[in-house]
Structures are given as structure tokens and as C-alpha cells.
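Dock chain to chain to rebuild the complex, using the hints, since each chain is given by itself in its own frame.
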Amino acid sequence: MAREIYAYKCRKCGHTHYPYRMVCKSCGENEHNEFDQVPLPKRGKLLTWTRAYSLPADFEVPSLGLAIVELENGIRMTGQLRVDDPRMGMDVRGEVEIVRREGYDERYGMVFYEA
Amino acid sequence: MRSVYVIGIGITSFTRLEYPLSEIAAYPAMMAMKDAGRKEIDHLYVANMGSGRVNHQTGLASAVVDTLSLTPAGAEAIENGPASGASAIKTGYMAVASGVHDVVMVTGAERMREVNNLEATEFVATLTHPLAEYIYGVTLPSLAAMFTRLYMEKYGVTERHLAMVAVKNQNNALKNEFAHLQQEISIEGILDSPEAMTNNPYVAEPLRFFDCCPVSDGGACVILASEEVARKVERPLVRLAGVGQATDTHAVHEREEPTDLLAVRRAAAKSFEMAGLAPSDVDVAELHDAFTILEIVESEEVGFFPKGEGHLALERGETAIGGTLPINPSGGLKGRGHPVGATGIAQAHEIVHQLRGDAGERQVKDAKVGFTCNFGGFGNNVVCLTFVRGN
Ligand SMILES: [Zn+2]
Numbered sequence: 171m172a173r174e175i176y177a178y179k180c181r182k183c184g185h186t187h188y189p190y191r192m193v194c195k196s197c198g199e200n201e202h203n204e205f206d207q208v209p210l211p212k213r214g215k216l217l218t219w220t221r222a223y224s225l226p227a228d229f230e231v232p233s234l235g236l237a238i239v240e241l242e243n244g245i246r247m248t249g250q251l252r253v254d255d256p257r258m259g260m261d262v263r264g265e266v267e268i269v270r271r272e273g274y275d276e277r278y279g280m281v282f283y284e285a
Numbered sequence: 006m007r008s009v010y011v012i013g014i015g016i017t018s019f020t021r022l023e024y025p026l027s028e029i030a031a032y033p034a035m036m037a038m039k040d041a042g043r044k045e046i047d048h049l050y051v052a053n054m055g056s057g058r059v060n061h062q063t064g065l066a067s068a069v070v071d072t073l074s075l076t077p078a079g080a081e082a083i084e085n086g087p088a089s090g091a092s093a094i095k096t097g098y099m100a101v102a103s104g105v106h107d108v109v110m111v112t113g114a115e116r117m118r119e120v121n122n123l124e125a126t127e128f129v130a131t132l133t134h135p136l137a138e139y140i141y142g143v144t145l146p147s148l149a150a151m152f153t154r155l156y157m158e159k160y161g162v163t164e165r166h167l168a169m170v171a172v173k174n175q176n177n178a179l180k181n182e183f184a185h186l187q188q189e190i191s192i193e194g195i196l197d198s199p200e201a202m203t204n205n206p207y208v209a210e211p212l213r214f215f216d217c218c219p220v221s222d223g224g225a226c227v228i229l230a231s232e233e234v235a236r237k238v239e240r241p242l243v244r245l246a247g248v249g250q251a252t253d254t255h256a257v258h259e260r261e262e263p264t265d266l267l268a269v270r271r272a273a274a275k276s277f278e279m280a281g282l283a284p285s286d287v288d289v290a291e292l293h294d295a296f297t298i299l300e301i302v303e304s305e306e307v308g309f310f311p312k313g314e315g316h317l318a319l320e321r322g323e324t325a326i327g328g329t330l331p332i333n334p335s336g337g338l339k340g341r342g343h344p345v346g347a348t349g350i351a352q353a354h355e356i357v358h359q360l361r362g363d364a365g366e367r368q369v370k371d372a373k374v375g376f377t378c379n380f381g382g383f384g385n386n387v388v389c390l391t392f393v394r395g396n
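For the record, the sequence lines run as chains Y and V.
The first sequence lines up with residues 171 to 285 when you count with the numbering used here.
The second sequence lines up with residues 6 to 396 when you count with the numbering used here.
Nothing false has been slipped in among the hints.
Chain Y stretches covered by chain V per the calculated footprint, using a threshold of three residues with CB under 8 Å from any CB of chain V:
| id | stretch |
| --- | --- |
| 1 | 212-222 |
| 2 | 236-243 |
| 3 | 246-255 |
| 4 | 270-279 |
If you are wondering where the hints come from, they were derived from the structure by calculation, not from laboratory data.
The beta-carbon is built from N, C-alpha and C at its ideal position, and this holds for glycine as well.
The following block holds chain V by itself, in its conformation from the complex (with noise of 0.2 Å):
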């Protein structure tokens, strides 16, 4: 298999978009174009998930394609829920790395913001079991929360602990200028004061308000190319150096140990065997924090933290930039927003600013090894990517 590289990213901003689902995916992509210094695309991937529901379009890929001008260039899009944007990258990766293609655009898009809050709602709960789940009024939050409570009845997690990674990731995302959150908060206002149960309800207990991520629009894009097409960029090579990928049960009660992320265990260990590496070499990483207690969680099965250990390394401030093992210093999907389809490659994005070192005020320093995790479901679908620095 070839070396695969990222030559290109763009981002919108993750807020409520004015212009349509195609123009949504088609402006980051041309970010990414302008990025590398390159026009020529072999092939697109979109990944979206909510299209023909929420927005009433399908052949989302055609659309894009064309409004790029790109044709006659192969085009499809990839829809895995939540995980939609790492599994086109995935795709992606699999097309140059295969020497099929030589240069791959992957740009994702969602435009969940054209319905309210309650039929965005609805729509993500569509991911759930039919027969065993969806009938009952169950919902992500309502997963998220039933596992929460299980987890902080065995390891001692804490409505505090899941307020700290609200605040460290929201007040990240007030250095992401693309971030949808852009509101200073701390555990006081959300947590400890008298008006925090007003400021804060609870969503499906015990999650709050401010443990979920907010409904976004937006759109982001990578560019994936060959090391022949890479070295004649002008721009710090990246690689892509691990993609790993794995299911779990469909309905959440089935998996044996209800306190496990197995899907997440291994899509890590995928990516990490694939690359060469391991947790421990990891410099910085945007893991899938729909909910607060998803970060916690995922920094154990990934392998950073002893699993019960995650909200200790917390409650040390390893996990916040400047920490020795900083998580989403974009804002994370908590601060930056969860347009579900870009989600994935949004998180790319920012490991690609990373690694490059030009990530502003929210660089973490010399980071050489980054690594994404993106969870679709309520963890039946998981994809993990490992990026690298240089060659």
C-alpha cells in the first residue's frame, strides 16, 4: 500500500447556515483547494447523513461534484450516522492508498438547523434500534445518559467531572474562531451557583443542558494525496498513518459489559497497529464528545488512561491544552458544534493544524502524533484515525 497525505483542509463555521446543504459541503472544499494549491481532483467523497430526511435532497455528491465544477470526477457519499465524515475519509484512504486514485477530496456536510431542536432530535434517534429502542421515546441523550449513570455508579465519575470537560472544551472553543459556541462558562455559572438548575436543566438525567452538544450546521474538507503529489505542496507534510474501524451491537442493552466501548477499543487499536504506534506516542487528540461523559470514556478505551481513570486524569488537567495530553483543543464537538456528517473530518481538520504547527492560540506544543476518534451510534460504529507529522 502507498503513503497517504493530507495536502488540503477548509472549515465553515459551525453555527446556523443561511445557504443550502451543497453550497455548505462545496465552500470548505474550495478552502482546501486554495489550502494545497491544487484544482485537480481525481475523486470526492460526501459524507452526510442527514440529506434526504432533514433536508430533502439525495445524490448529495452529484450535487457537490458539479457545483465545484469538477466533473466529469467520480463522486458518492458516504453515510455512517455520526461517523459518516471519518468513514469517508477512511474511503478516501483506501482510494490512494490502493493506487487507484492520486488525489482524493473528502468534505462532509450537515444542515440540521432548517428543523428545530426537538425534530433534530428525532432525526439522530432514527440511529437506534427500530423494534427494541426507537419506539420507546429513546434518544442519544437518553443512551448517553443511562450509561452515565452506570459509570459513575462503578468509577465514581461525577456530575463535576462532566461539568469540567464541558467547561475545558466550551472555553477551548473561545480559540477557534469556527467554533458554534462561543460563551465563556465555568462550574460555577453551570454547576454550583442557585441559578445553575435554571442556567443548566436536565436533558435526561443525570446529563444536563451542557453536557450535550449543541444541533450545528457546517461543513468541512480534507485532501488526501499520494507522496509523489504531496512533496510538490507547500505545506508540511502529514500523513495519514493509521485508519481503524470496528461495530458493536446495534441495541445497547445486548453488549455484555454495559460500562464498555468496545467498538471504540478496538477501531483504536486498528489505527494505532496500522501506524506503528501507540497511545502513549499520541501528542494531542479530538475525540467524540457528544456528550461529556464520551470523552471521559473514550480516553480509557482508546488507551491514554486506565479504564475508571479517565476523569482523574481530568481532574489533573492532562487532558487540557498545556496538559500532557491535550483533548479537543478545538472546542471538541461540545465547543466547535456537531454538524453530524462533517464531524468527523472537522476533527481531521484540526489534527492537520496541529501537526502543522500553525494552530494558533490553541496550538499544543510540538505536537508530532495526533490521533481522531469518531463515534457513530451510541458506539455500534466507530472510526479511528492516527495522523503524523512529516514522513
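The following block holds chain Y by itself, in its conformation from the complex (with noise of 0.2 Å):
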């Protein structure tokens, strides 16, 4: 089954945050967890990226591809980006794996490819 990231949408107002705040930045509703776990699109638009050298130890690669990318609904998310020529504005698609470990702790986040 494929693996998802989720953003939450206010039962209120129906507006989407990604990441998730515990207040609706829109409305103003504070009911705990008054939000719908809604799975974020896999496909997008490149908005930004970079290629960092300078890496936090847990990165045994000499560089490392980041991106925010524009997905389709609008919302836009941070992710890594697995692309040899990036272009922005190009399309790109998702895949929900594993981005860090942290010992034996595997961190599952969005990686994004040429689509």
C-alpha cells in the first residue's frame, strides 16, 4: 500500500494546512482535532530547490537535492528532490520513503522525481 503524507482540513472552514496547527489559521476554530486527514497529492510543480553540501551528520552523501514544491491542490511542501537537472516550474512527482535515520530510527517523508 502506498505510504501517504497527510494535511488537515478544518471541518469548519475546509481550509488546508500543511503542516498541521492546532488552531485553524483561517477561521480561528479551536476545537482540538477538529481537522480531516486528508492525503496530500503526490504530483506538483517545482517551486524552489537547492543542492546543500554542507549536511547534518546524518547524511552520509556528499549532497543532498531539497525542493518546495507547488502540489497540485495548491498546498505547497519541503521535500527532497531526486532530479539531475532541476528547472523551475518543471513537474515533478512524489514518493513517500524513507528520507533520515536517526540510529535505528527510520524517518518516512516526500521525495520528489522527474514526472
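Below is the structure:
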């Protein structure tokens, strides 16, 4: 089964947040957990990116691609980027994969590839 | 509210310091007490970000107040990321303005070189959103890099403009004996020469080594006081006339217009409003150039130049010492260094020198109004201060 990353849709006004926040930024609704989890779309356009060389110690690679992507539904997210020749505005598709290992801990997140 | 004045200042060299963190905080405080000619302090605020994580020491304010033999004065630490320094000054301002205290010492310190550069980058990266940014390996340089690419695309800022900021600020630092970097650089050396790619490699494309501030140890202190106290001190009067603070979304990708730094715009506007002044009144500014792009963008967001035109003012030389609005005569974070908790106080320290007229070789002629911008996170928590010479 494909893994998902979830956004949070306010039950009162429908505004969708990513990442999670406890009070709706749009309507101020503050009944705790009054949000529906909705999977983030996997397709979008590359808004901006970098290739970083000075990495935290958990990353045993010489460099790492990072990106902010505007997803199909207009929500933006940050993720890793595995594209050889990134261009702003290009179509990308995401996969939820292991993005960081901290000791025995495996953390999942979105990795973007050329669509 | 009462008026608040700066009556004493002190600073350490920003470099690698071999003495303990509490002493890095205390040494500039001793200098500031000498500068003010006064040892009576009602309250102490200590600005610091990493003592618990990097130096394995908590309760820093209790250590500092005791090593200065200022007990039983009250003391606490203020942590607001890289904006801790100006946040502590703001807190000191409120304590004096409200009448709760007459004399408040605000000292900031960081000892980051206890760990290597990668660990320091990792420590600062803990500022990012834990689930939406940090897990991916996002660091402050990579957030700045992604922001820079958008700015280049939208406004025509180039790597050459970034290098111009680096050269200006690092060469200003040569006039500041306390600055971390004491090495003259040129556009030729860091951008144009065949060796440039080796001298100046990418840290996070399109940002290069010389676009990023160094990791420094250091401390800085200001003493704030009421007008009644300030009038008894034999130093030119410098008034803290405006304090402004604003926040923005934790995750950078959530900002509606990704090339805006709204917290900078709002914090500056509040600071100017309280001071009853406008950006055009400012004679000298210290802006938070942790990355070269930030000096350009902040110079727009605080209102010195129209949005998207900061790099043009830079090209015209307006932001050089001797220009119409000198920015970062001290060398900025880029040249002076960036011991995170001390930075906002070091900015204020420089402005006080400038307004007193004793900044030496880097003096901005006849400076009457000075401004600082201390930038926390990647622009999610910003504090701006406005200072005025005399009353
Ligand atoms: Zn809502």
C-alpha cells in the first residue's frame, strides 16, 4: 500500500493546512482535532530547489537535493529532490520514502522525481 | 511609558574563544559597567540559544549573575533563536520603560565552536519545522538558498550582487578589531578568477561559502537605564526609541508570497512607528546578513528601498560606508561573525558607537538615527530596534 503524507482540513471552514497546526489559521476554529486528515497529492510543480553540500551528520552523502513543490491542489510542501537537472516550474511526482535515519529510527517523508 | 537609554556597552572578540560560556557573557558585561561608570544593576537578561544543547549548561543567567557578583539582582535567560539578542534588549526595554527597573543589563553570549561546523549547522537546523523541514535534512543555508533562487528569478539578483555584499561587509570588518574575519576579499578572488570555484565552493546552490556568515564564539552587552540615571552618566545620550517584533509561519513553504519576509516588514514598521520616525530618517543600519541575500532583502522589507531594488542600491554604492545609507559598517554577521545569542546585542553595540560618534575608521558621518534588524529562524521571528542620538 502506498504511504501517504497528510494535510489537515478544517471541519468548519475547509481550509487545508500543511503541516498540522492546532488552531485553524483561516477561521480561528480551536476545538482540538477538528480537522480531517487528507492525503497530500503526489504531483506538482517545482517552485524552488537547492543542492546542499554542508549536511547534518545523519546524512552520509556528499550532497542532497531539497525542494519546495507546489502540489496540484495548491498546497506547498518541502521535500527531498532526486532530479539530475532541476528546472523551476518543471512537473514532479512524489514518493513517500525513508528520508532520514537517526540511529535505528527511520523517518519517512516525500521524495520528488521528474514526472 | 518612560524613555529608555543605553548607558554602557561592551563586546568580546568574535572568534574562537577558549574560556567558558558564562565568562563570554560576563566579560562584555564588565566592560559595559566600566563604560557606564556604574556597578549597580537592578536586573540581568542573558541572551543565548545553545547553552543546553551545545555547552551542556542550563540556567545560564544564574551562573552569569553570580560570576559578576551582581547577586541578589534578578536574572533570566532569553532564548529566541538567532533573534535572542534583540529579544533580550526588547525585554530590558519593557522593564525600564514600565518603571519596574531603573538599570537593566542585557548581555548575550554563544560558544558554538565547542562543536565542529557540521554539528553547529545541525544545532541551528533544529530551528526548522521538525516534521515538515528538519527530517529532510533542511538547514538554514538550504532555506536561504531556495529563497535566493526565487529572488534571482523574480528580481534579477545575481551571484555578483551576493558577492558584492560579501566583499563590502567582510572588508568593513577590517576596520573592526573585534570582528571574526580579518581577511580582505575581492570579487575577482571569490567569483571571477580561475581559483574562485575552489576558494568559494557552493554550500547550498546558489549560495557559496562567502555568502554565509562564519560560526563564531562571542559576547556583547548593553546596559539600559531610565533618563534620570542616564543623565548622570558621562556618555553621549543614546535613546532606544523604538522596539518592534513580528512572527511568521514556522514552515517557510507556507508563506503566501515566497519572496516576502513579512515578519521583517512588520517588525520594522512597528519599531519606526513607536519611534515616530520613518525609514528615510535612518543614517546607519545593522541588518542580519547571516546570508548575503538577507541584507539585500531586509534593506527592502524595512523600507529603505522599494521591493526588488535593494541590489540596485547596493550596485550604486549607497550601502557602503560613505554612501547615503551605510549598512553593516561593523562587518555585519558576515564579517563580524554570528555567535547567535550575542548577535542582536552586537548590532546594538555598533549602533551606539555610531551614534556616540566614536566608531573610528568606520564612523558614519554625523549619524543621528540608527536601526537594527535581528532575524530569527528563517524569518519566523524578527525584532527591529530604532536608536536616536540625544533625546
Ligand atoms: Zn477553519
